[in-house]
Amino acid sequence: MSAAIEQRNQDATVYVGNLDDRVSEELLWELMLQAGSVCNVHMPRDKVTGSHQNYGFVEFRAEECAEYAVKVLNMVQLFGKPVRVKKASSDRKNVDVGANLFLGNLDPEVDEKLLYDTFSAFGGIVETPKVMRDPDSQAS
1 MSAAIEQRNQ DATVYVGNLD DRVSEELLWE LMLQAGSVCN VHMPRDKVTG
51 SHQNYGFVEF RAEECAEYAV KVLNMVQLFG KPVRVKKASS DRKNVDVGAN
101 LFLGNLDPEV DEKLLYDTFS AFGGIVETPK VMRDPDSQAS
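The sequence shown begins at 1 in UniProt numbering and counts up by one.
Derived by calculation from the structure, the hints in this document are not laboratory data.
Possibly wrong hints are sitting among the right ones.
[Said to hold, decoys possible] Between beta-carbon pairs, the in silico distance windows are: (1) 108 / 46: 34 to 42 Å; (2) 134 / 44: 15 to 23 Å; (3) 133 / 10: 32 to 40 Å.
From the three backbone atoms N, C-alpha and C, an ideal C-beta is built for every residue, glycine too.
When you get a sec, could you build the whole thing from the sequences and use the hints?
Here it is, written out as structure tokens:
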């Protein structure tokens with residue numbers, strides 16, 4: 001399923017991060033098919049353990065499919081974790097200012113996807129939002 005990195009169409013490739021250990025290349029392929037025709041999936045593996053490193057790259061046949069995948073599959077829950085999907089060719093030079101934002105006292109209905117959708121309207125989000133909750137009270 002993997003092609004040499006130099007041969008990939010970077011404009012039609014997405015980075016997929018925050019993957020659960022149970023995600024395989026086959027499962028990632030099937031998930032990404034929802035956005036369009038997939039031609040390659042690559043999940044880098046640890047050289048010692050052989051397990052994947054919780055991220056991968058998916059190359060689509062068309063750039064439009066990659067853009068659609070970012071739009072509809074970013075922050076989708078897979079094995080209880082929000083999957084991060086973004087264009088592989090995007091670089092951090094587009095980020096003007098870096099900042100961390102901490103929010104508290106969130107409604108129990110607020111999840112990572114809602115935070116991402118809400119705050120992405122104000123600019124690029126570099127890291128997947130995380131909601132930390134007290135294990136006993138579920139308060140944020």
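Hint check results:
no.	hint	result
1	108 / 46: 34 to 42 Å	36 Å, holds
2	134 / 44: 15 to 23 Å	35 Å, violated
3	133 / 10: 32 to 40 Å	38 Å, holds
The earlier numbered hint that this structure contradicts is number 2, and it is the only one.
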